[in-house]
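Residue numbers (our numbering), protein chains in the order written: chain A, 1 to 389; chain B, 1001 to 1572.
Some clues are possibly wrong.
[Said to hold, decoys possible] Which residues of chain A face chain B? A few of them, derived with a C-beta cut under 10 Å, are:
#, residue
1, Q246
2, I249
3, G333
4, M344
[What the hints assert, rightly or not] Which residues of chain B face chain A? A few of them, derived with a C-beta cut under 10 Å, are:
#, residue
5, I1011
6, M1016
7, A1026
8, Q1046
9, K1196
10, L1275
These are calculated hints, taken from the structure and not from any lab test.
Heads up, the beta-carbon is just placed ideally off N, CA and C, and yes, glycines get one too.
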Amino acid sequence: MTQSAAVIADKRRIAGTPRPRWDPWLLGCVAALVGLGLVMVYSASVSSAERTFDNGFYYFARQLGSVVVGSILMYLVMHTPLRLWERTGPYLLLLGLMLLVLVLVPGIGVNVNGSSRWIRLGIVNLQPSELIKLFLVVYVAGYFVRKQEELQNFTHGIAIIGLVLMAAGILLLQEPDLGAVVVITTTVLGMLFLAGVRLWHFGVMTLTGAGVVALLTVLAPYRLQRVVAFLDPWADPFNTGFQLVQALIAFGRGEWVGVGLGASVQKLYYLPAAHTDFLFAVTAEELGLLGVLSVMMLFAVLVARGFTISRRAQDAGLLYAARLAQGIALLLGVQAAISMGVNMGVLPTKGLTLPFMSYGGSSMLVNLMSMGLLLLIERETRKDAWGVH
Amino acid sequence: MTRNARRNRGILRYWMVLGVLMTAFASLAMRAVYLQTLSSNYLQRQGDARYLRTVTDNAHRGMILDRNGEPFAVSTPVESVWAHPATFAEVRREWRPLLTLLGLNATEVARQLRKHTGREFMYLKRHIPPDIAERVTALNIPGVYLQREYRRYYPTGAVSGHVIGFTDIDDQGQEGLELTYNDRLRATQGTRRVLKDLHGNIVETVEIVSLPVPGRDLVISIDKRIQYLTYRELKSAMQRYGAHAATAVVLDAQSGEVLALVNQPAFNPNNRTNLRSTLFRNRAVTDVFEPGSTMKPFTIAVALESGLFGYDSKIDTTPGRFQVGSKIIHDARNYGLLSLGQVIEKSSNVGAARIAMALDKERMWSMFRNVGFGETTGSQLPAESAGLLNLPSRWVPMDQAHVAFGYGISVTALQLARAYTALANDGVVMPLTLLRRDHAVHGLRVMSAVTARHIRDMLELAVSEAGTGTEAQVQHYRVAGKTGTVHKLVAGDYAEDRYIASFAGMAPASRPRLVMVVTMDEPSEGAHFGGQVAAPVFSGVMSGALRLLNVPPDTPTERFQWAAPADGRSPT
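Just chain A, same shape as in the assembly (with noise of 0.2 Å):
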């Protein structure tokens, strides 16, 4: 009977009847991290939201706001045609380039504890980092496929890519979001890697993505003292390892199951940006062991999922579907990699929010059109495999 039924399922699906219209692994991942995000960003944000504003929901009403947003985003990525996107990736490279630019006029951009991050619309704030990240992805795929061929010519070829990054990193280093560069510059060499370089372009540009990181690190005392910490949270627990100390603290108190929900004691005001770069610090307190897998276990689902995605396309023949695919689900995967190893203290310190869960509008946004875009993919490659519109 059961069997029978399978059969009967897959007749149906040879026949043409369309599948679930979209990708139930991308959606049920994303609805899964953004509900617990929520969760937890109001767990670890009620008291100090309280202490702050008089109103525990403070952080997360505006978070749920950003879910509401970004979902409608999404949802209109998932109604544009890929074409689109692949003829305007240079002009919204154009647009992220001048928001960073923006982001560094005095008056527009808004200062928080010495960087400016942020361009104050109204009441909420653009965060232009997180869309370049986004839109380089865009482009770079964009580019693969146009200059095919000569993404094997160094100078004609990867130069370019290599100046347009470098754009990006010094004008994300005036903020200074050394995060960012890091995650761009390993997104970037990681599509620059699956596009085909030859392998000594490929080290020539890891190499000298990686000197200027290390050289940055060195030239700015705060940055090395950050190093120095990480190397050795205890041995300045209150003052220079305080953060990561406090971070490592709530791992710590999470054991299997974690200590409830609700339950934290690292997030009253023990643990510095609880409810942003470290809500995964108190979802590991409170969740434990088991929420800490499980969270990562749905990033790889997605991470995993993009590729499988990107290398349909590919098979599809849809090449700048696969190198978009491919750059989404890296930019995904590499952000969501770094942020945890910063919680758990094998990454040095760095301003980076969990994708999905941390608390950021532009950070929800950018991701939610990202998984639209992801969805689009799957969609149209999809449509093409089987001949269902």
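We have chain A; now place chain B onto it with these hints.
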């Protein structure tokens, strides 16, 4: 390069990149396992060190009650305002109403805050009344908290200031019985282990280590009514005679309990601001003086006990002077031939000295020692002096003669009162106590009952119309007692015009119930003799106290006036 080869290379790179990403996730997962299982104990200890704190809960101190259960010292709950320095410093803009409410100065608070940087606790104001505490809570300022504490109140105020003493702001005894019995009275703080957030708020109680235990009540021997009476009489007498200071002690002759202990000038323990700490001195036990003539009964006791003298023995005091060594001892006038009783009655120094010179100095010393001179009384009061009684081996004849009428020996008022219990109690000196005695205790017999009674008879003569202590008489009761007036020792020499006047006595004389000692330091207005300034206080207190205690009168009312002793012996 063929298209197929490039395609294969593309697939290889695809799996490599995906592999790197998945390896990264796997490493992170292993790191999470390490942090959350293997090193979780270490990390939790680090966490506990940061937010597990021990807080204390206060309980009330035990009450001090008089022998009839009347309160002398009680504790009432009050609130103390404290701040978590770091949090409080952040909200400087919200300070104003709080500082106004507590009457604090912003500059001073800021200075205190700097001093407490990095700490987690700082008192803002201690012991505020409940209504103010309520308004502090209503202000709801971050980092400001209340702590329940207890404040000590002394309903009897100055009346019992010296004997009860007082506590400091931390509820610990500082003076008097509050200090002596601090261990019994004080409360034991309870402790709780709590989770605190970074601003000092208690998030939850993790463990109750111990519950707070209130202190135990202390029932003391003082009788509030007699204490009050003594305070009133002493104060008015001191003012009337312009004395520098005064002390009065009332003992229960049979049990050794202290029923009243008053010093003047007194202080109010409820409000000690701007008081000099010298005012807190409990003169009755800390200050020594030369007892003078009040010492003579003990010299006579040695004489009677020695067998060398009988009740009727006569001493020739002619010509009212007596040279011992280089010093000449004087009487007020030439009394001629005196019996032992008349030596007391007339308070003849020459008589006492002549008797002493006939006695064994070792026996004199052991009598004085046995009645308690030269050692503390056992009252347990803080800073009690043992007085001074030199060893007989160091006495030269002049010392032996002088000590017979109370010079060259230093005693406290309480010591003198205790010594008189030997006379009141038919020869048994009682151990003193400031706690109520519910069981009889054994005293020390220092002389025969016969000797003690003889001396009481002589002391009755001393307050007779013919004696020096006439003003000590009490209506309806027979009184026995002795006056003393000594020149004050100033810088090692006797001052010509500065005196310490004293009276030591007991009533009713037939079967003494109360012993009382009164001393006046430097009376300056009109009179300075013990019989004039100290004896009236004795009379005033005794007439009230004996009635309060329902002591039956021992003088038939119709015969109230001086009469011969009931046993028919007549003084000669």
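Against the structure, the hints:
Given hint, Q246 (chain A) at the interface with chain B, holds; its Cβ is 8 Å from that chain's nearest Cβ, closer than 10 Å. Checking I249 (chain A) against chain B by beta carbon gives a least distance of about 4 Å; that is within 10 Å, so the hint holds. A least Cβ separation of about 5 Å between G333 (chain A) and chain B falls short of the 10 Å threshold, and the interface hint therefore holds. For M344 (chain A), the interface hint holds, since its Cβ comes within 10 Å of a Cβ in chain B; the closest pair sits about 5 Å apart.
Contact between I1011 (chain B) and chain A, as hinted, is supported at the beta carbon level, the nearest pair being about 8 Å apart and thus within 10 Å. Using the Cβ-Cβ criterion of 10 Å, the hint placing M1016 (chain B) at the interface with chain A is satisfied: the shortest such distance is roughly 8 Å. With a least beta-carbon distance of about 8 Å to chain A, the hint placing A1026 (chain B) at the interface is held under the 10 Å criterion. Because the closest C-beta pair between Q1046 (chain B) and chain A is about 5 Å apart, less than 10 Å, the hint holds.
Look at K1196 (chain B): its Cβ gets to within about 8 Å of chain A, closer than 10 Å, so that hint holds up. A least Cβ separation of about 45 Å between L1275 (chain B) and chain A goes past the 10 Å threshold, and the interface hint is therefore violated.
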